[in-house]
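*Asks:* Sequence:
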Amino acid sequence: MSLYVQQEIGFQLMMAHKDNLLIKIEYHKDNNFYMEQGYIDSINYEDRYIKIVNKFGRVDFTKINLENIVKVFLL
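Numbering follows the working numbering, in which position 72 of the sequence shown is assigned residue number 72; successive positions increment by one, without gaps.
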């Protein structure tokens, strides 16, 4: 993935987290593609992952590595 695409995805994630926007993320894991929809609970830049929750205040989340993200849709 090019540096430009990584920067664009990073910017979209940062804006979605800041403004509490609903997002849909397309990512790959173990040679399969997945889509996850929800809100960003947290972004860990040091360990390079994000946590997605379906609704605000939920404690169950999906953890996605930043390197695995293919596309981000702001809904």
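Derived from the structure by calculation, the hints contain no laboratory data.
Note that the Cβ used here is the ideal one computed from N, Cα and C, for glycine as well.
Please note that the accuracy of each hint is not assured.
[What the hints assert, rightly or not] Once the Cα atoms are required to be at most 30 Å apart in a straight line, the calculated DSSO-like pairs of lysine-lysine come out as:
1. K24 with K63
2. K71 with K29
3. K71 with K24
4. K55 with K71
5. K51 with K24
6. K18 with K51
7. K29 with K63
8. K51 with K63
9. K18 with K55
10. K18 with K29
11. K29 with K51
12. K71 with K18
13. K51 with K71
14. K18 with K63
15. K24 with K55
16. K29 with K55
[Stated by the list, open to error] What follows is a list of derived Cβ distance ranges for each label pair:
17. G57 with S2: 20 to 30 Å
18. Q7 with V59: 27 to 37 Å
19. M15 with R48: 32 to 42 Å
20. L3 with G57: 13 to 23 Å
21. N31 with F56: 26 to 36 Å
22. N54 with N32: 28 to 38 Å
23. N20 with K63: 13 to 23 Å
24. F11 with E46: 12 to 22 Å
25. K18 with K71: 17 to 27 Å
26. G57 with N31: 11 to 21 Å
27. N44 with D19: 26 to 36 Å
28. F61 with H28: 13 to 23 Å
29. S2 with F56: 18 to 28 Å
*Asks:* Decide, hint by hint, whether the structure agrees.
*Replies:* The hints, checked one at a time:
no.	hint	in the structure
1	K24 with K63	14 Å, holds
2	K71 with K29	14 Å, holds
3	K71 with K24	8 Å, holds
4	K55 with K71	21 Å, holds
5	K51 with K24	13 Å, holds
6	K18 with K51	14 Å, holds
7	K29 with K63	11 Å, holds
8	K51 with K63	5 Å, holds
9	K18 with K55	16 Å, holds
10	K18 with K29	26 Å, holds
11	K29 with K51	15 Å, holds
12	K71 with K18	18 Å, holds
13	K51 with K71	16 Å, holds
14	K18 with K63	18 Å, holds
15	K24 with K55	13 Å, holds
16	K29 with K55	23 Å, holds
17	G57 with S2: 20 to 30 Å	37 Å, violated
18	Q7 with V59: 27 to 37 Å	31 Å, holds
19	M15 with R48: 32 to 42 Å	18 Å, violated
20	L3 with G57: 13 to 23 Å	36 Å, violated
21	N31 with F56: 26 to 36 Å	33 Å, holds
22	N54 with N32: 28 to 38 Å	21 Å, violated
23	N20 with K63: 13 to 23 Å	19 Å, holds
24	F11 with E46: 12 to 22 Å	18 Å, holds
25	K18 with K71: 17 to 27 Å	20 Å, holds
26	G57 with N31: 11 to 21 Å	34 Å, violated
27	N44 with D19: 26 to 36 Å	19 Å, violated
28	F61 with H28: 13 to 23 Å	19 Å, holds
29	S2 with F56: 18 to 28 Å	33 Å, violated
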